[in-house]
Structures are given as structure tokens and as C-alpha cells.
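Protein sequence lines, in the order shown, are assigned to chains X and Y. In terms of the working numbering, the first sequence is residues 1 to 262. In terms of the working numbering, the second sequence is residues 1 to 234.
If you are wondering where the hints come from, they were derived from the structure by calculation, not from laboratory data. Treat the hints loosely; a few may be bogus.
[As the list claims (entries may be wrong)] Here are some of the chain Y residues that sit facing chain X, going by a computed Cβ distance under 8 angstroms:
{"no.": "1", "residue": "D13"}
{"no.": "2", "residue": "R87"}
{"no.": "3", "residue": "L142"}
[What the hints assert, rightly or not] Dumping the calculated DSBU-like pairs for lysine-lysine here, alpha-carbon to alpha-carbon at most 35 angstroms:
{"no.": "4", "chain 1": "X", "residue 1": "K112", "chain 2": "Y", "residue 2": "K198"}
{"no.": "5", "chain 1": "X", "residue 1": "K74", "chain 2": "X", "residue 2": "K112"}
{"no.": "6", "chain 1": "X", "residue 1": "K131", "chain 2": "Y", "residue 2": "K226"}
{"no.": "7", "chain 1": "X", "residue 1": "K241", "chain 2": "X", "residue 2": "K124"}
{"no.": "8", "chain 1": "X", "residue 1": "K74", "chain 2": "X", "residue 2": "K220"}
{"no.": "9", "chain 1": "X", "residue 1": "K124", "chain 2": "Y", "residue 2": "K226"}
{"no.": "10", "chain 1": "X", "residue 1": "K220", "chain 2": "X", "residue 2": "K131"}
{"no.": "11", "chain 1": "X", "residue 1": "K220", "chain 2": "X", "residue 2": "K241"}
{"no.": "12", "chain 1": "X", "residue 1": "K241", "chain 2": "X", "residue 2": "K52"}
[To be verified] Simulated DEER-style distance windows between Cβ atoms:
{"no.": "13", "chain 1": "Y", "residue 1": "F56", "chain 2": "X", "residue 2": "P129", "range": "34 to 42 angstroms"}
{"no.": "14", "chain 1": "Y", "residue 1": "G92", "chain 2": "X", "residue 2": "R150", "range": "53 to 61 angstroms"}
{"no.": "15", "chain 1": "Y", "residue 1": "I212", "chain 2": "X", "residue 2": "N130", "range": "42 to 50 angstroms"}
{"no.": "16", "chain 1": "X", "residue 1": "Q106", "chain 2": "Y", "residue 2": "V75", "range": "52 to 60 angstroms"}
Quick caveat, the model's predicted, so the values are computed rather than measured. Using N, Cα and C, we set each Cβ at its ideal position, and we do this for glycine too.
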Amino acid sequence: MLNTFRADELHEFPREDVKTGNSRSNLILPIWVEGLSLVQNGRCLLDDISFKLTNGPITVILGANGAGKTLLLKTCHGLLRPSSGRVSWREPDRILVRREQAMVFQRLVLLKRSVAANIDYALKLRGLPNKERIGRVDHCLHQTGLLTLRDRPARLLSGGEQQRLALARAWALRPQVLFMDEPTASIDPPATAAIEQLIRRFATAGVKIVMTTHDLHQAKRLAEEVLFLHRGRLLEQASAKTFFNRPLTPVANAFIRGQLDC
Amino acid sequence: MQNLYTSFQTAFDLMWELNPLLLEIVGLSLQVSLTAVVLASVCGFFIGAVLALGRFPGRQAVLVILNAFMGLPPVVVGLAVYLLLSRAGPMGDWGLLFTPSAMIFAQWILITPLIAALSRQVIEDLSVEYHELLWSLGADRLRIVLTLLWEGRLSLTTVMLAGFGRAVAEVGAVLIVGGNIVHHTRVMTTSIALETAKGNLSHALALGIILIVTACLINAGISISKNYAEHLSG
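The task is simple: from the sequences and hints, build the whole structure.
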């Protein structure tokens, strides 16, 4: 594989270059989700979901395929409007809330441009001046190990590299909250390890990570807090330790033990 | 058979000696049709984008009409433009009738629906793929449209080629509004019609061959640059 990327080659993410964390005056977190339901074509896809997410732990939304993980993530991000219930942030200014979050989608969409131009495009939308953009693009590519590929067409990268670019693009926006939908669903184990390493570093740098996965092992490796979804309902919200050691519901218990019929 | 052979011979001779009248006619054909394509693309892409991304009452009806208008009969368009531009018509004062501008105007009307309908499809397909990402990155509507147009640039080039093909090949509209005046509004297709009417069949066919060759060259040129761009952008 060309341009093999090893997680240990990652450069440190200096804390001071991230404008997140408690030093920020306008924190958008916590987010409150209250009685959220989503009905599409007469089918209830999310049913009366309530929870609160605070700054800090990596939150993993866990559940089988079709449990509603992606829909919940998109609704929190603001892409979908709930049929009933509400999503509210500590910060009342909706525009600010939108600017302070980013999302990495399961189905990657990279623009038909170079690797660097993909990140530059996102920064341009945030209104960053030209000079600042160039520096930040290279900085992000450096940190995600993509600097040598900066002028390559983004769509010709390998699956793992594309995923890293999507993460780099989201990271470049310096969000307070980063939503990620199955960030390693379609890539091989070494690339997965690299992505997980990046996710941990983002979290260390002070970004609130909210991600979905159906991969139990990945959840165990990354999660500090778990939301367990089953058929559109939130069955459990607990710290990862509590959830994996003492799940409250039989369904979660079956899921953790890898039973396929849960 | 004899006719066909003579035609090829005449076509070759005309091209070989760079016949000045032929060059003038080819030049005007290209000038009129390329200008019409550029103008129609500006309008067509805009209409296509509005129809692809906008949701408003009557949208479906507009789509049906637009798709039907892809096959507008050139003579009817020519006649309508003639009525608009004639001395007694609403735009008569502009004095455009029997000028290349009138021909551009007619071809613009002819191919705008084609370009709008095809680009609507291109943009709508792209929108399905890109919309969530662009929203998430904070793009406003105008920026979304511009981005989709740029991302679809290769497909939209093909749309423009389809428009150019229709424009350069039609005779009905340019004949009516241009009048086929030599050194002024004579283009390839009107010359072919004239030579045929005069019974000068092999000459007419020779012009036809040159028209096809010209269209092929333009398409080939654009295809090559398109492939190159595709290679660059992935």
C-alpha cells in the first residue's frame, strides 16, 4: 500500500492551537435532547429519545444496523428536523452552534479537487482569510499524515486516506463538537487503527466526539460514554465501564455478548 | 454513387484550398452557435439549478414543459423570433432581423430548454450526494449551487456539447431569421439548403461533410480536454 500511514507517526496535537476546551467563553455544550421522535413515511424511526451530552468523554452511540444511530446523529447535528421533541444547546445562537460543530459522514463525500483544496474549501466557507487558510490546511494535513498527498486528486486516494482526509477537513474547522457516523465502516484494520488514534487525539485536544458504531470492539476501545440504541429507542446511557460490565437491559446484554438475534 | 464520390472530392478540394467563402461560412456558423451555447448555458444552468434544488408549486409542470421543449421545432422557433424581431413586432425597433444577432437569439431560445433540462438532472443527482456535506460545512444556497456546478463541470460540458450539436445542425431557425444572405448571415446549414435547392447536390453534400468534420473536431477537442481534466480531478 502506497503512503502507508502508521499511527505512531502522528504528530502531537498541541493543546494551545485548539480553541476548544474550558478556556472558551462561548461553549455550546451541553446539548439536551428531549422527547425526540422522528417519523418518516408513517414509520417511527426514533421514538421518544432523551439524553444530555456534556463536554468531555468520547460518546459512542452503539446499536445494530437500523437502530437509528445515523438518524439520531443527523438530528443532533441539525440536518434532520425532529417530528416531535427538541434538541437544544447551551448556546442559544443557532448560527454559532452550527459553526462550532462538524460532521464526518459514513458515505464519504470528497470534492473533485485536490486533497488540500478539499480542506481549503471548508475553511473558505467559514470565512477565513486567504493567508490563514494556507497555513491551517498544511497544518491539518501534517497532523493527519497527508501532507505528502496534498496536491493529489482527493477521489483517487485509498479508502483509508479518504477517511483521514474527511477527518482532517472536519478537524480543520476547529469544532467544539465533532459528529462521526461509522468512521471506520469501510476500511481495513490498519487504517482503522490510524483513524481511532486520530479520534483519541482530537478528544485529547478538547473536541467533544460523538460517534456511532455497530462494532462492539471499536466501542470498547474508544468509548468513555455509551448510548445504546435499539429499534429507534434509547435503552441505555451510561459510562462505558458501567455499560460493558453491567448492562441494564437484556437486549444490551445480548448485544455485548455478541448474540446475533438481539 | 458518382455523386457521393464527387462530393468527397469537392469537400476535400474546398478544404484544401481554404476557400475564403467556405471559411467565412464555417466561421459564422461557429460564431453563431458557440455564442448561442454560451448564452444558453448561463441561463440553462441557472434554470436547471433552480429546478434541481428548489421546491415550489408547479415545479412538476415546469419540468414536463421543459422536457417537451427539448424537442422544439427550429422552424417554429424561427418563426416566433421572426415575428418578435420584424418591423411590426415588439422588438422591431432593435433592427436585428436578418443579422447574426437574430440567429444567435433564435438558437439561444432553441437550446436553452435542452441545456436547462439536462443540467437539472446532473445537478439534482449531485445534490443527493453533496447536499448534507455542504449544509454541514455551512454553505448557503448560492454557494451550494456554485459548488454543484463546479463539481458537475465535466457532465455539464457534455450538456453544452449536446446544445452545440443541436444549434450547429439546425437550419429552420437561422434560415428564417437570418435570411441566408451571402457574406452576412450565410452559415453551413443554410448554404446546404440553398445548394440543394439549386440542384447542386454534390456541392451541398460536400458542405455537409465539412459541417460534420467541423463538429467532430470540436467534440474531439473538448473530449480530450475533458479527459485530461477528469484525470487531474479524479
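Status of the hints after comparison with the structure:
1. D13: Violated - the Cβ of D13(Y) stays beyond 8 angstroms from chain X, reaching only about 46 angstroms at its closest.
2. R87: violated, 51 angstroms
3. L142: violated, 12 angstroms
4. K112(X) / K198(Y): violated, 53 angstroms
5. K74(X) / K112(X): holds, 24 angstroms
6. K131(X) / K226(Y): Since the Cα atoms of K131(X) and K226(Y) sit roughly 31 angstroms apart, the hinted pair holds (cutoff 35 angstroms).
7. K241(X) / K124(X): violated, 41 angstroms
8. K74(X) / K220(X): holds, 23 angstroms
9. K124(X) / K226(Y): Given that 35 angstroms is the threshold and the Cα spacing comes to 27 angstroms, the pair holds.
10. K220(X) / K131(X): violated, 41 angstroms
11. K220(X) / K241(X): Judged against 35 angstroms, a Cα distance of about 9 angstroms means the pair holds.
12. K241(X) / K52(X): Answer holds: K241(X) to K52(X) is near 18 angstroms, not above 35 angstroms.
13. F56(Y) / P129(X): 34 to 42 angstroms: Given about 37 angstroms between the Cβ atoms, the range holds.
14. G92(Y) / R150(X): 53 to 61 angstroms: Taking Cβ atoms as reference, G92(Y) and R150(X) lie about 59 angstroms apart, which means the hint holds.
15. I212(Y) / N130(X): 42 to 50 angstroms: holds, 48 angstroms
16. Q106(X) / V75(Y): 52 to 60 angstroms: For V75(Y) against Q106(X), whose Cβ atoms are near 53 angstroms apart, the range 52 to 60 angstroms holds.
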